[in-house]
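Number of protein chains: 2
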Amino acid sequence: MGVVTPPTAKAPKQDRSRATRQRLLEAAVACLAEVGWAGSTVTVVAERAGVSRGAAQHHFPTREDLFTAAVEYVAEERSQALRELPSQDRAAVVAALVDLYTGPLFRAALHLWVAASNEEQLRPRVTELEAKVGRETHRIAVRLLNADESRPGVRETVQGLLDMARGLGLANLLTDDAARRKRVVAQWAALVEDALG
Amino acid sequence: MGVVTPPTAKAPKQDRSRATRQRLLEAAVACLAEVGWAGSTVTVVAERAGVSRGAAQHHFPTREDLFTAAVEYVAEERSQALRELPSQDRAAVVAALVDLYTGPLFRAALHLWVAASNEEQLRPRVTELEAKVGRETHRIAVRLLNADESRPGVRETVQGLLDMARGLGLANLLTDDAARRKRVVAQWAALVEDALG
Numbered sequence: 001m002g003v004v005t006p007p008t009a010k011a012p013k014q015d016r017s018r019a020t021r022q023r024l025l026e027a028a029v030a031c032l033a034e035v036g037w038a039g040s041t042v043t044v045v046a047e048r049a050g051v052s053r054g055a056a057q058h059h060f061p062t063r064e065d066l067f068t069a070a071v072e073y074v075a076e077e078r079s080q081a082l083r084e085l086p087s088q089d090r091a092a093v094v095a096a097l098v099d100l101y102t103g104p105l106f107r108a109a110l111h112l113w114v115a116a117s118n119e120e121q122l123r124p125r126v127t128e129l130e131a132k133v134g135r136e137t138h139r140i141a142v143r144l145l146n147a148d149e150s151r152p153g154v155r156e157t158v159q160g161l162l163d164m165a166r167g168l169g170l171a172n173l174l175t176d177d178a179a180r181r182k183r184v185v186a187q188w189a190a191l192v193e194d195a196l197g
Numbered sequence: 001m002g003v004v005t006p007p008t009a010k011a012p013k014q015d016r017s018r019a020t021r022q023r024l025l026e027a028a029v030a031c032l033a034e035v036g037w038a039g040s041t042v043t044v045v046a047e048r049a050g051v052s053r054g055a056a057q058h059h060f061p062t063r064e065d066l067f068t069a070a071v072e073y074v075a076e077e078r079s080q081a082l083r084e085l086p087s088q089d090r091a092a093v094v095a096a097l098v099d100l101y102t103g104p105l106f107r108a109a110l111h112l113w114v115a116a117s118n119e120e121q122l123r124p125r126v127t128e129l130e131a132k133v134g135r136e137t138h139r140i141a142v143r144l145l146n147a148d149e150s151r152p153g154v155r156e157t158v159q160g161l162l163d164m165a166r167g168l169g170l171a172n173l174l175t176d177d178a179a180r181r182k183r184v185v186a187q188w189a190a191l192v193e194d195a196l197g
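Residue numbers (the UniProt record's numbering), protein chains in the order written: chain A, 1 to 197; chain B, 1 to 197.
All clues given are correct.
Listed below are several chain B residues computed to face chain A (Cβ distance under 7 Å; list not exhaustive):
#, residue
1, G36
2, T157
3, M164
4, L170
5, A195
In case anyone wonders, no lab produced these hints; they're calculated from the structure. Computed from a predicted structure; not experimentally measured. C-beta: ideal position from N, C-alpha, C; glycine also.
Could you put together the complete structure from these sequences and hints?
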């Protein structure tokens, strides 16, 4: 590939293909967050993205392919944004980490997790994806918090903080929990600050 | 009612009715935890409980009635068990609180929450139920932890702990997270102990 076709002729086509793929992935996350797994099909997402069903299936042969790729893509975008955060105090870092779990990405991921718990076809892929995203988020959190994991308890402090963030995301699912969350985050940022030294 | 009929004749019938109701509620939680909202209907639960569909509908006219009542019933059972715990150290209390979020009740409640986020018929009832169960769990946690909520930050420390417990429940959905959870709980129990003094 790419040996015969001159690169100049190929690049625009690749760009279009990449743009289509990206539109599909973004539409899939939005769809999953809004209507849940039962209502999220390749057809619905293709329509939403303004892409033909055939083109959508060219990129993502199955429903499982599309939605796991979508959650992975948006998680990777969010990780990238976190990695680029300027250095800041720990309270701000804790707030930024919690923010990961209160938007449409978390809602979409939650729908996918819960569906995977009952669907054998989805389960291994989502389990793998969750582990991958979890490891990456932990790694970023350790760096942003400037946490020294060689000290006893530090690793578990950071893990518990991310578990708390996930729980706060769940508490935000049916109601706007922002006011309560802000107070909880402020208090636990202080406790984490003490624990990390 | 009860004025004409002698109580001795009525009691066994009431007992049978109560036993049927209880069987339906327990079957509903087990069903929701195992197959999720999409597969959980009154018919499926009636079969599982060994009760006729008519009898099930006498007790619970709609699917929403049955499943919200079921999650409320089992949550109340769990709260009662917690209230009866003997007085013990805070680490044991933290572990017992986290245990609330790792069994079939949490799985059932999670399916109901996630379904409610997309179903208008379910949403107000589950929102109300979640608030009620959340308040009650918080109240029990404060008492068991011997936490003085008049001190600044104590309320938010307990709330954050319960949010973490909820996040640990979510982390346990697809994989057995018990080994990691044990280490996180031990560390966070120590942080809570320091914070509560």
